[in-house]
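Asks: Taken in sequence, the protein lines are chains A and B.
Under the numbering used here, the first sequence has 71 at position 71, and the numbering climbs by one with no breaks.
Under the numbering used here, the second sequence has 26 at position 26, and the numbering climbs by one with no breaks.
Warning: the hint list may mix true and false statements.
Said to hold, decoys possible - In silico lysine-lysine, BS3-like type, Cα no more than 27 Å apart, as pairs:
hint: 1; chain 1: A; residue 1: Lys23; chain 2: A; residue 2: Lys108
hint: 2; chain 1: A; residue 1: Lys23; chain 2: B; residue 2: Lys20
hint: 3; chain 1: A; residue 1: Lys108; chain 2: B; residue 2: Lys23
hint: 4; chain 1: A; residue 1: Lys97; chain 2: A; residue 2: Lys108
Simulated from the structure, these hints should not be mistaken for lab results.
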Amino acid sequence: MILARVVGQVWATKKNPWLQGQKLLVLRPLTWYNPEHHCDHIIAVDPVGAEVGQDVVCCLGLPTRWELGDERYPVEASVAAIVDLVEVYKSACEKPKFTFMKGHKPTKIVERD
Amino acid sequence: MNRGIVIGEVFATKKNQKIKGYKLLLVCLLDEMKKPTQRVVVAVDTVDAGVSDEVVVAFGSGARNAVKPLSRDVLVDCAIVQVIEGVESFT
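For reference, chain A alone in the conformation it holds in the complex:
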């Protein structure tokens, strides 16, 4: 799963019948684990009910289709949880050194020693 921020919503009237009634959100990934798939936005279905500006946990791949109930859904990204708080421990980030990239930090973040 990745951390992402909701930056917008997609509206469409003409769409695949399987996508009827699904809310689609535009997400900007804050973390990424596969550099080959890196992109600056993804569109995900939202069964949880996230709003613009919130940080979410986004799940990718096959389970997003089964979660909706059927493998035939043309979906590959789905909002799994709405983030209340991200806790980052400085001691764990020191060795090896790690920081979030500028402009890619979660909004609600607490840094602990």
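Fit chain B to the known structure of chain A by using the hints.
Replies: Chain B alone, transformed into the frame defined by chain A:
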């Protein structure tokens, strides 16, 4: 599977029913020289790992099996499956 280090925790009250009760940890993946990469995942914790532990993260259907065996509908694509105590390398 990949090696990583736990750098933090993600708290969420509103989440998918199937992943209720699981801890979500922020894991920074390491390369083979144990240097951090800019790759960070949110992984479901199945072994009760703690902060700054070195862990093994499984991806894809392997992660789903760790949470619930032979399941397809668990909304999980990364899971912590092991806490590393030591690594022996012969190079």
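Asks: Indicate, hint by hint, whether the structure satisfies it.
Replies: For each hint, the structure was consulted:
1. A:Lys23 x A:Lys108: The hint holds at about 24 Å.
2. A:Lys23 x B:Lys20: holds (22 Å)
3. A:Lys108 x B:Lys23: holds (18 Å)
4. A:Lys97 x A:Lys108: holds (21 Å)
Of the numbered hints stated above, none is contradicted by the structure.
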